[in-house]
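Chains as they are written, first to last, in the working numbering: chain A, 1 to 140; chain B, 141 to 230.
For the record, the hints were derived by calculation from the structure and aren't laboratory data. Treat the numbers as computed from the prediction; the structure is a model and nothing was measured. The beta carbon of each residue, even a glycine, is placed where N, CA and C say it ideally should be. Hints may be right or wrong, so weigh each one.
Claimed, not checked - From chain A, some residues computed to sit far from chain B (all C-beta separations above 10 Å):
id	residue
1	GLN6
2	PRO31
3	LEU60
4	ILE77
5	ALA86
Unchecked claim - Reference excerpt, derived from the structure (chain A facing chain B, CB under 10 Å, subset only):
id	residue
6	VAL3
7	SER5
8	GLY30
9	ALA47
10	ARG48
11	SER49
12	TYR53
13	TYR64
14	ASP66
15	ASP92
16	SER94
17	TYR95
18	GLU100
19	TYR103
Said to hold, decoys possible - Computed beta-carbon distance windows for the label pairs:
id	chain 1	residue 1	chain 2	residue 2	range
20	B	THR155	A	VAL126	35 to 41 Å
21	B	SER218	A	ARG62	19 to 25 Å
22	A	ARG36	B	LEU208	26 to 32 Å
23	B	SER142	A	PRO117	18 to 24 Å
The primary structure of each chain is shown beneath.
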Amino acid sequence: MLVISQDLVDAMVAHARADHPDEACGVIAGPAGSDRPERFIPMVNAARSPTFYEFDTTDLLRLYRDMDDRDEVPVVIYHSHTATEAFPSRTDVSYASEPEAHYVLVSTRETGREEGPFELRSFRIVEGTVTEEEVRIEVA
Amino acid sequence: MSIEVRVPTILRPYTSGEKVVSARGTTVAAVVDDLDARYPGIRERLIDDSGLRRFVNVYLNDEDVRFLGGLTTPVADSDSITILPAVAGG
Chain A
1 MLVISQDLVD AMVAHARADH PDEACGVIAG PAGSDRPERF IPMVNAARSP TFYEFDTTDL
61 LRLYRDMDDR DEVPVVIYHS HTATEAFPSR TDVSYASEPE AHYVLVSTRE TGREEGPFEL
121 RSFRIVEGTV TEEEVRIEVA
Chain B
141 MSIEVRVPTI LRPYTSGEKV VSARGTTVAA VVDDLDARYP GIRERLIDDS GLRRFVNVYL
201 NDEDVRFLGG LTTPVADSDS ITILPAVAGG
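Isolated chain B, as found in the complex (with noise of 0.2 Å):
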């Protein structure tokens, strides 16, 4: 089972510049980890001891995984993931 992972430019220096890669997990922290196994280093970009970092989006799909259940949405096969920075400043 592949989940497909696209991943933003700024975390593209941990997939050696891959725009789209593939992880294994029946959750998003799952796929998380799974990630970090293969690209040691992004889940810390990711996550924090709150969980989802304030300023990192993840999309299951086309659905902001916060209006679902965090990291411990489940994922199937075929979903597909995007992870995006927000857009933000002050």
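With the rest of the complex left out, here is chain A (with noise of 0.2 Å):
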């Protein structure tokens, strides 16, 4: 189960709606064992697709030095696909590689760039495998 604030729900779904058509793409991380999302790193889709996401290789390595400085892991690593439903594509399955994160995604193809309903689901991602998993919203 992935228990995450309102905040930060609301700032991918907001990332999301900003990068439409494109993919939008990102980590929450928080301390190391604590399963709980804390800090929003939006990062930039280097792909600038609507079809594909790739952080940047150079802010990648900066993202997990940051993190590691502060002891932080990738507790939520999130992406929005636009044209398709809030679930993991063959290929981000073939590329998932943190099994301890909470992959999720968030489909802006209802409304696009515009407020509305939107579909936003989490997942385990562990060796080729995908799990569903319960998002409890907490609201501060």
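Starting from the two chains in their separate frames, assemble the complex, guided by the hints.
Printed below as a string of structure tokens:
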């Protein structure tokens, strides 16, 4: 189960809308071992594509160094789908390399850049196997 | 001569959970070969027939080796290598 604050959910959705129709991506870091997403880190989609996302290689190194210095891990790795459902694609599964992360998908296919209903779902992706999990949103 | 290598979570099963290990070698490829001698199987996760795997990033100090000389990039004592899987998808 992913337990996450309403503010962080809003931040992911806002990022996904702002970058629509391209995919948006980022990380929510949290203290190692806590499983608590706390620090919102939107990343640039170096692919700038409606069907693919990739963290820029230099940004990726900086991100991991920064998390290491703070004793954090990527608790959530999020990205958007802009024309399909919020479910991991085959590509998502083949690239997934953080077995302890919650992979959050946001779909903006219904409303694009506008306000309105959105889909947000969370998954574990471990050795090619996708398992959906419950998302509990906590209002501060 | 010893190079510090930072290992990502996904490869730590090969290094008994160690996050930072030491290896020897004068090029990135030689360091990877030495790693594989110490931690058998790790090489295949990093390199395929065409070279460095598409979804693996290897950094020499602060630079992605793809922007240097790839696997033939020279490595000196006191350099550090960081391995990070790409964060990507569709």
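Check the structure against each numbered hint from earlier and tell me which ones fail, lowest number first. The structure conflicts with hints 3, 4, 6, 7, 8, 10, 14, 20, 22 and 23, although it agrees with all the remaining ones.
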